[in-house]
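**Student:** Let's have the full structure, built from the sequences with the hints guiding it.
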Amino acid sequence: MRTGAMGICVMCLLLLAACQREKRDIRPSPTRLAIYGDAAKEDALRPGGPISPQPVVNNPYNGSAYDISEGQRLFNWYNCSGCHANGGGGIGPPLIKQHWTYGGEPANLFDTIVKGRPNGMPAWGGRIPEYQVWQIIAFIRSMNGEQPRSATASRQDSIETNPQNIVNRVRGKTK
Amino acid sequence: MLDGVSRRPARHCAKYWFYFALSALILSDPMAAQIQNQADDGQWTMAAKNYASTRYSTLNQINTTNIASLKLAWTFSTGLTRGHEAAPLILNNTMYIATPYPNYLYSLDLTKPGAPMKWMYQPHPEPASQGTACCDVVNRGAAYWNGKIIYNTLDVQTVAVDANTGKEVWRTKLGDINLGESITMAPIVAKGVVLVGNSGGEFGVRGWLVGLDAETGKIKWRAYGTGPDKDVLIGSNFKPFYAKDRGTDLGMKTWPGETWKIGGASAWSWISYDPGLDLFYYGTSNPGPWNPEQRPGDNKWGSTLFARRPETGEAIWAYQISAHDLHDYDAVNENILLDLNIGGQLRKTLAHPDRDGYLYLMDRTDGEILSAQTFGYVNTSEGVDLKTGKLKLNPTKQTGYNTVRDACPAPPGAKDWQPSAFSPKTGLIYIPHNNLCYESQAVPANYIAGTPFVGMNTRMYAGPGGNRGVFSAWDPVQAKTVWSINEMFPAWSGALATAGDVVFYGTMDGWFKAVDARNGHPLWQFKVGSGVIGQPVCYKGPDGKEYVAVLAGVGGWSGGVVSGGLNAVDGTAALGFANAMADLGKYTTKGGMLYVFSLP
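Those sequence lines, one after another, are chains B and D. Going by the numbering used here, the first sequence opens with residue 1, and the numbers climb by one from there. Going by the numbering used here, the second sequence opens with residue 176, and the numbers climb by one from there.
Where hints are given, some of them may not hold.
Unchecked claim - Covered by chain D, according to a simulated footprint, are these stretches of chain B (three or more residues, beta-carbon under 8 Å): (1) 70–78; (2) 83–93; (3) 110–120.
Stated by the list, open to error - Restricting the straight-line Cα-Cα distance to at most 35 Å, the calculated cross-link-like pairs of lysine-lysine (DSBU-like) are: (4) K348/D x K115/B; (5) K293/D x K393/D; (6) K342/D x K293/D; (7) K97/B x K761/D; (8) K115/B x K436/D; (9) K97/B x K702/D; (10) K761/D x K41/B; (11) K567/D x K655/D; (12) K436/D x K395/D; (13) K523/D x K428/D; (14) K366/D x K293/D; (15) K393/D x K366/D; (16) K395/D x K414/D; (17) K405/D x K366/D; (18) K523/D x K567/D.
Bear in mind the hints are in silico, worked out from the structure with no lab data behind them. Here the structure is a predicted model, which is why all the values come from computation and not from measurement. From the three backbone atoms N, C-alpha and C, an ideal C-beta is built for every residue, glycine too.
**Tutor:** And the structure:
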């Protein structure tokens, strides 16, 4: 009996997770390009102490397999891969990493893509619709294991990598 | 002993011309029939040392018998941490160093102990230009002309700086970073015309080479690498040797639709000049994008050698080395101009060690290939047909949407930009090069102005033998390797040969080395602070002593793993080079520093 109840609970949880994984935004917002100045702090110094409550910006496509997959397609489509390769970097810095020059929170990444950064990152504002920016961010964070594993492709679309490399990636963390 | 190479003493000129630019000297010496024996005043006024690009110094104080006691004389920090590929210039007892972005120009006083700084010039290039440089924000050096140091900035400008005061004399904007253009090459000045080409073969630029008036910076002409003949400056005097390179408007017709407008063929590397023939020589980059499925056709004039007139830019001959390039085999490598005895005849030749792995020895008067033999491991092609001038491609290594593995050489080629040296004493060309193979798979590339236009996922790794680099001596007459030294990492520095029968080069793990020019035996080495990808030079100091100088500071395409902090977990990083260089960080750290050596 107890096992049965447990089973139902697990099923429900799985279903819930599946809901998120399968989420599709049928009519995404048009090109509204906010910049998250307040929430996208880029350093740890807080004059006068931290502000409470901390403003938080969440990626609307967190955990959505469709949007992460779209993010990967767009990452190539807009030539992000031209500079950042498949996460290891080249002309631009790597995106598979622990340290971010301008912050690695979703709001930071959003600002980085939209505003650009002075040492070579182009300003994509006015070029990429907001929902696509979020899809790209979901993909970038998936490269660092910051999306649920259940929503992330087992490997990237690029030329098949040495399986060892996949194992090396940090996975499973969610934000 | 010196088959095919004859000598002519050049020492007599030095005393009269000591303080003049070497270039001016060559022009005023009509007796300089043999270009590889150009007179040498002990200075170093252009990156390649002389117009023939021999990187050979007649100084012989440092030689095989005493080099073991070569000692560090002084050092100078550039304060920068990206790849340092430049050759320092030395003239009027002053050393000039052009740095990677932000393209500082330092002037150091060689008459004082420790060579203190005289002045520093800052051109303030647009910081965003760092996002349009495919392979680190390098600069390959400056050229001296008539009281001015002339060099290029990453954001597509050429600047002339007063060699005495460090004040800017002129600056000319030549292109637009928002079209993906940049400049990393060292200019040369021929007949008062500054020759400068753009970079951006990985950004869908339309390649060009411009001629600027050295006194005013005014653009005299611009020769595009693609497009109709009038844009490529092809006219009635254009006589390619091979039928495959003849025709009208081939720079347009060998491309689908209007893709030639974003077809690359930039001129980002070396230029040589023959004052006697009044022709300068350079090669163009790969056609863009790398993905060959998007550009059916020969893609002229990508991966092509050109001979042009400096005053008008007019093309005299061209030879497309890689038609419809499949492997990023730019034709930009150095062209060393040599007068050699080939088959009993003195020929005016040009030696071009290409990315595709062949050393092309050509008649520089008309573009005929005299020999084309491999100097590295090659399986992407099976020889060059000397009758048609065509490269015989290996059908199993044709890149595209299919996955191709174990293709050699990899995109940086059997040899990339790292310039060779030639010693007229030994008759050998000293070639720093790579031993890399790769796997690739194309993906559709979108053209978005100002962003990369590549469309190829690649991963490189060491070629046969496991060593990623080689330093070898090549006999251009016999067309074969005489000796070679395996290096762990690609030999990405320039080479320097001297009359002391010593050859210098540096390694990416930070050793600056001297070897015997005749047999390659190691003679001396010194561990510098960072991997060497710079061009060693040699000069006579105000004290009459011979000095050897080199910039250390790892980076460039090969060293981006360290200088750009890349993550080699993704082997496709740095266009696939990261995969081959994942361990570089265990051997070196970044940091630009000049090292100068002399005998005690």
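**Student:** Give a verdict on every hint.
**Tutor:** Here's how the hints hold up against the structure:
{"no.": "1", "hint": "70–78", "in the structure": "holds (count 3)"}
{"no.": "2", "hint": "83–93", "in the structure": "holds (count 10)"}
{"no.": "3", "hint": "110–120", "in the structure": "holds (count 4)"}
{"no.": "4", "hint": "K348/D x K115/B", "in the structure": "holds, 26 Å"}
{"no.": "5", "hint": "K293/D x K393/D", "in the structure": "holds, 29 Å"}
{"no.": "6", "hint": "K342/D x K293/D", "in the structure": "holds, 12 Å"}
{"no.": "7", "hint": "K97/B x K761/D", "in the structure": "holds, 18 Å"}
{"no.": "8", "hint": "K115/B x K436/D", "in the structure": "holds, 29 Å"}
{"no.": "9", "hint": "K97/B x K702/D", "in the structure": "holds, 31 Å"}
{"no.": "10", "hint": "K761/D x K41/B", "in the structure": "holds, 34 Å"}
{"no.": "11", "hint": "K567/D x K655/D", "in the structure": "holds, 20 Å"}
{"no.": "12", "hint": "K436/D x K395/D", "in the structure": "holds, 22 Å"}
{"no.": "13", "hint": "K523/D x K428/D", "in the structure": "holds, 33 Å"}
{"no.": "14", "hint": "K366/D x K293/D", "in the structure": "holds, 29 Å"}
{"no.": "15", "hint": "K393/D x K366/D", "in the structure": "holds, 15 Å"}
{"no.": "16", "hint": "K395/D x K414/D", "in the structure": "holds, 23 Å"}
{"no.": "17", "hint": "K405/D x K366/D", "in the structure": "holds, 23 Å"}
{"no.": "18", "hint": "K523/D x K567/D", "in the structure": "holds, 26 Å"}
Checked against the numbered hints given earlier, this structure breaks none of them.
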